[in-house]
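Residue numbers (full-length UniProt numbering), protein chains in the order written: chain H, 1 to 718; chain P, 1 to 686.
Source of the hints: derived by calculation from the structure; they are not laboratory data. If you're wondering where the values come from, they're calculated on a predicted model, not measured in any experiment. Treat the hints loosely; a few may be bogus.
[To be verified] Once the Cα atoms are required to be at most 30 Å apart in a straight line, the calculated DSSO-like pairs of lysine-lysine come out as: (1) H:Lys699 with P:Lys645; (2) H:Lys675 with P:Lys680; (3) H:Lys699 with P:Lys377.
[Stated by the list, open to error] For each label pair, taking beta carbons as the anchor points, the in silico distance ranges come out as: (4) P:Phe137 with H:Val692: 49 to 57 Å; (5) P:Thr287 with H:Lys481: 55 to 63 Å; (6) H:Ser596 with P:Asn236: 18 to 26 Å; (7) P:Phe100 with H:Asn643: 55 to 63 Å; (8) P:Lys432 with H:Leu709: 33 to 41 Å; (9) H:Leu709 with P:Ser411: 33 to 41 Å; (10) P:Asp185 with H:Ser596: 14 to 22 Å; (11) H:Ser596 with P:Asn29: 43 to 51 Å; (12) H:Pro581 with P:Pro667: 54 to 62 Å; (13) P:Lys281 with H:Asn643: 21 to 29 Å.
Ideal Cβ positions, reconstructed from N, Cα and C, are used throughout, including at glycine.
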Amino acid sequence: MAALEEEFTLSSVVLSAGPEGLLGVEQSDKTDQFLVTDSGRTVILYKVSDQKPLGSWSVKQGQVITCPAVCNFQTREYIVVHDNKVLRIWNNEDVNLDKVFKATLSAEVYRILSVQGTEPLVLFKEGAVRGLEALLADPQQKIETVISDEEVIKWTKFFIVFRHPVLIFITEKHGNYFAYVQMFNSRILTKYTLLLGQDENSVIESFTASVDRKFISLMSLSSDGCIYETLIPIRPTDPEKNQTLVRSLLLKAVVSGNTRNGVALTALDQDHIAVLGSPQAASKECLSVWNIKFQTLQTSKELPQGTSGQLWYYGENLFMLHGKSLTVIPYKCEVSSLAGALGKLKYGQDPGTHVMPRFVNWETPQGCGLGFQNSEQSRRILRRRKIEVSLQPEVPPSKQLLSTIMEDSEKHIEVEVRKFLALKQTPDFHTVIGDTVTGLLERCKAEPSFYPRNCLVQLIQTHVLSYSLCPDLMEIALIKKDVQLLQLCLQQFPDIPESVTCACLKIFLSIGDDSLQETDVSMESVFDYSNSVHDEKMEEQTEILQNGFNPEEDKCSNCDQELNKKPQDETKESTSCPVVPKRAALLNAILHSAYSETFLLPHLKDIPAQHITLFLKYLYFLYLKCSENATMTLPGIHPPTLNQIMDWICLLLDANFTVVVMMPEAKRLLINLYKLVKSQISVYSELNKIEVSFRELQKLNQEKNNRGLYSIEVLELF
Amino acid sequence: MGEFKVHRVRFFNYVPSGIRCVAYNNQSNRLAVSRTDGTVEVYNLSANYFQEKFFPGHESRATEALCWAEGQRLFSAGLNGEIMEYDLQALNIKYAVDAFGGPIWSMAASPSGSQLLVGCEDGSVKLFQITPDKIQFERNFDRQKSRILSLSWHPSGTHIAAGSIDYISVFDVKSGSAIHKMIVDRQHMGVSKRKCIVWGVAFLSDGTVISVDSAGKVQFWDSATGTLVKSHLIANADVQSIAVAEQEDSFVVGTAEGTVFHFQLVPVTSNSSEKQWVRTKPFQHHTHDVRTVAHSPTALISGGTDTHLVIRPLMEKVEVKNYDAALRKITFPHRRLISCSKKRQLLLFQFAHHLELWRLGSTVATGKNGDTLPLSKNADHLLHLKTKGPENIICSCISPCGSWIAYSTVSRFFLYRLNYEHDNISLKRVSKMPPFLRCALQILFSEDSTKLFVASNQGALHIVQLSGGSFKHLHAFQPQSGTVEAMCLLAVSSDGNWLAASGTSAGVHVYNVKQLKLHCTVPAYNFPVTAMAIAPNTNNLVIAHSDQQVFEYSIPDKQYTDWSRTVQKQGFHHLWLQRDTPITHISFHPKRPMHILLHDAYMFCIIDKSLPLPNDKTLLYNPFPPTNESDVIRRRTAHAFKISKIYKPLLFMDLLDERTLVAVERPLDDIIAQLPPPIKKKKFGT
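Generate the whole structure from the sequences, applying the supplied hints.
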């Protein structure tokens, strides 16, 4: 959500701003410092964060600055033009502008353009463009005329597109507008005619442009108060031909048409623009930020003292002349989302506190405004800065960790993660863990060989992760068939979707016994059944009887005879676990996981029938183990409960009954399950009977207490 | 202390009527309760939940809705199609107005209290204007297809929500037209039921309509768009009632399974401003349908078919963790339904539409404490006296000699003369009652059965002379000019000289019966009188109040007795003050003038004025006899309160003679056995 913060005034001294306001505000080589050129004779260097001027330079009485001062980022010098033709170049140490380097040019300069990473350009009023170095080599060189007579440059902007400088300027002649795009790598100048569309009478008040990969998006604010967008291709199809461009309406009636001091417009980022002007004819001037993607007003600020209709935007600051003083309004914008655009952000944050983004998008560079730095030099600077950063002791360990993840070896990452986890007390612990996992998983996806398993295990064990926070984690674990990690996820994550649970189940059932031997699965939920069998063998039969399950009891079913033939076989089957303990542990993790029947059932149908049978056999085995003791629980630390076992049996049968019933090897199992259900029913009916008899007993007991409706008793009070 | 033979009577087959509606009045902190037989009771929640007032029921008048309007005026509406207003001073029905819409199912007073809305069988919603002395029909809203079962006003009074069968309508009050119709899903646990009845609606100030229905759902609707916002399935059976707190931060619903659910508006996350309704607490205090609920600022109140009125305090709203924070379950009326003839050992039981006369049995055996003695003669059911007409009996009394029975309904007063010839009883009605004896709120015979005292609902007290088979009106004490307050409690001294009468709020008046004039008025006290009696010989008037205080006032001296002053100075034992049922009967021992016998529903107590009062450190209730302690210690630890908790719930206890007591119990299990079976829930299996 875009937000304007509290404004502050930059200069306490009144600038000698003319009726047209300032000449310009330009960036200097330091991020926080800006060059302000007034319409008279003075250039002032301001440090915004300190709200004070660092230096001030004036030209002699009688001379007039005609072009705003800019900074040559390559040499860290400042350049200004006075009296249209005289170029002055100086640096911070110089005091008097009269004594600095001077070059008199042969033609009038419209503007000097400078962006970081390339040499400044000089745009002449006749439309010709020269590089500064080339110009200074021969200041008196002849400057050709590019634009026609009576054609006036209205606005210009300089971009770097794919490391190549691109200059755009707009001219006007008799109400017609033309755009010129100068590519410096190919030295091609393309001329476009801007068609105003149906509203031919409107005058364009202000321009702004932003650039993406293929187009320069030129936005213009017309006198009818609407904002139009024109897309200008960076690579012209046919440079020779005069081409026309149609503009499309972007925002309607943003400002009122007839404003006293004019209106201004600047693009803040791809989705946001700032507009200066009065929303209604009568009202005071406003600075408003619009989201052009959703066409919504994001925020607005009233400027009661009036403005000069000029607006500059650098970094995070909007500059304007408010009344007589230069005002800075810091501007901040989060990534725009539908929710944000509609003004509803679930996790609102306090203004003023800087919150780390929940997830770092590794595709866009973070911090430091590195976007346009692409020359060798700037790269060097970047590197130096990086070293500085790592040397600073107060750099949070989380940042270090994140950078480690991207480059270092698994071993090193593991050490770093352990170090970070040991700290644990950081306030943004959750977010860092989230970012770390995302970072690790991104890298896993990119490099198939990279699989920092121990790290992931450690991170999962922090209990702060959930499935929805890092859905890729289980996906990768499933691909790698890492059953240990999957088991851990099943135990720790509360929100695993049923499809993933089912995929885990598939792997747990299909993985070979030999590969299971190598894994280090948590055996907490599995009790060593084989030992207990011998100890409790005597008890077993009677206990089962107690809980109502007795296969010998019912004689009605014909399958019984078959069973009775080999009773030893049956007991053997029921008492030995059909799966190895490690697989049992994995399956127990599935049993413990949360699910919703409707969502799980369709996925269960995908599991092969022999695996279903195996799982059913295991569940049946667990049930028998449950029935062995009076409390109907399994031994062990965290065993599956009877309800979980029964629910899964039902689910599996619901999903796969038609398949399982066809399998000869499952026949015995199904018969056993049938008997189990039958015995369950009889148990519950017995329980209900007992309940009723107990109630009768209770009634009898009450009647005994009642001693009838009438009695005579003896009472002694003490 | 004393050894008694106790006639333990459990054949009083009294079943309270189920509760149909409750209405809470925030202004006076009173709760009106209507029962299925048409009885309306008013409880004073500030006065220890005492049932102050009651309006007798009527067979043809099933109350379906009850509400307070215009401050403290109480209205009810029912299936006979009439809206009634109750006179809370004179304790009668002020008037009844036919709404001409068939049976009335619902009623709601506007937030300002000046308008009354009723929902009728024919689908009409009718608006009545409340005038100072009556109500006046104003207009009809758009007629709906089926009966209007529930109504709720928007707190601003501009809109109303009306629950019907299968849908909820939202009306604009100004135009009277339905602006939205919200269809309720009939599905119940996946099965489509025939109909979905919207039992209750509540309109919140933010425009949310909450509905409860017969499919077990609590649903939240947006009244602006007419859309369903949220649905909670909370029961397998009907959800029958809903009540919202005044702050709209919590509400309560009652289900047919006897469960009461509390919903609260809680923040989604801590310190977030976004809030949502969450089902917080279930309470299972009822066995049967919870027909009605109310939400007082500090408590959830519920009532239903199982006849209990349950007041469940919200612990987070209770500031001091005192006895007010305890759950209250009120089952029995706080007035006497039983009278006793000491001379003939007869008990007269009062039911809604009949009286029963029983003769107690006898025994010749003796025994020690706790023994049950063999009966030589069992109790006899002598008489079953059915009333004529549809009206419930208000009060009844049998004379001490056993030869007179008097009872009254709203419109008629009956007096019977009983003749005993060996085992035969003959009953003769005394005809030609004077017209002023029409409706009695309380009837009392003098000790020698020669005088009958009747408190009429006009505030007058009548004295009637009885002799032979006839009667003679002696005098009527008219109420003080300007007051119409009805007298609910009467007490007469054993010598017949003094008559004490108490109303619902003003003090106790004592009249001199010989001189036929007002003798004195006992200083008024904050809490209503629950029971009073005049001691023989001393003529001390003992008064019990609903805050469990007991005063003794000397009528001849016109001042509180020394003992009473001592008690007030020292204060009662804290456990005594924490009892939650009022004392309903006081009597005296003829041979032991220092003893006062009194009881509430859960204990019977003899106060021995000669013994020291217990302080908070001593044990108030000591059920075990001292065994091997010496007499000295016994005397030292002995205190004035001798309490027995053997008999409960105790509806009546009195002294028949020096060594014989009669105790009438009504075990709750016997009541439950007579109720329709509750919805059965399975304990095992699926």
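Going down the list of hints, with the structure as the test:
For a cut-off of 30 Å, the pair hint linking Lys699 of chain H to Lys645 of chain P stands: about 23 Å separates their Cα positions. Between Lys675 of chain H and Lys680 of chain P, the direct Cα distance comes to roughly 29 Å. Compliance with the 30 Å bound is thereby established for this hinted pair. A threshold of 30 Å between alpha carbons decides the hint, and for Lys699 of chain H with Lys377 of chain P the separation of about 27 Å falls inside it, so the pair holds. In this structure the supplied range 49 to 57 Å holds for Phe137 of chain P paired with Val692 of chain H, their Cβ-Cβ distance being about 56 Å.
Take Thr287 of chain P and Lys481 of chain H: their Cβ atoms lie about 57 Å apart, and the range 55 to 63 Å holds. At about 20 Å, the CB distance of Ser596 of chain H to Asn236 of chain P agrees with the hint of 18 to 26 Å. Remark: the range hint 55 to 63 Å for Phe100 of chain P to Asn643 of chain H is upheld by a beta-carbon distance near 58 Å. Against the hinted window of 33 to 41 Å, the Cβ-Cβ separation of Lys432 of chain P and Leu709 of chain H comes to about 39 Å, which satisfies the hint.
A beta carbon spacing of about 34 Å between Leu709 of chain H and Ser411 of chain P agrees with the range 33 to 41 Å that was offered as a hint. For Asp185 of chain P and Ser596 of chain H, the hinted distance range of 14 to 22 Å is satisfied, since their beta carbons lie about 21 Å from each other. A hinted range of 43 to 51 Å holds for the C-beta pair Ser596 of chain H and Asn29 of chain P, which are about 47 Å apart. Separation of Pro581 of chain H from Pro667 of chain P is about 59 Å and conforms to the stated range, judged on CB atoms against 54 to 62 Å.
The hinted range of 21 to 29 Å is satisfied by Lys281 of chain P and Asn643 of chain H, whose Cβ atoms lie roughly 25 Å apart.
Every hint from the earlier list agrees with this structure, and none is contradicted.
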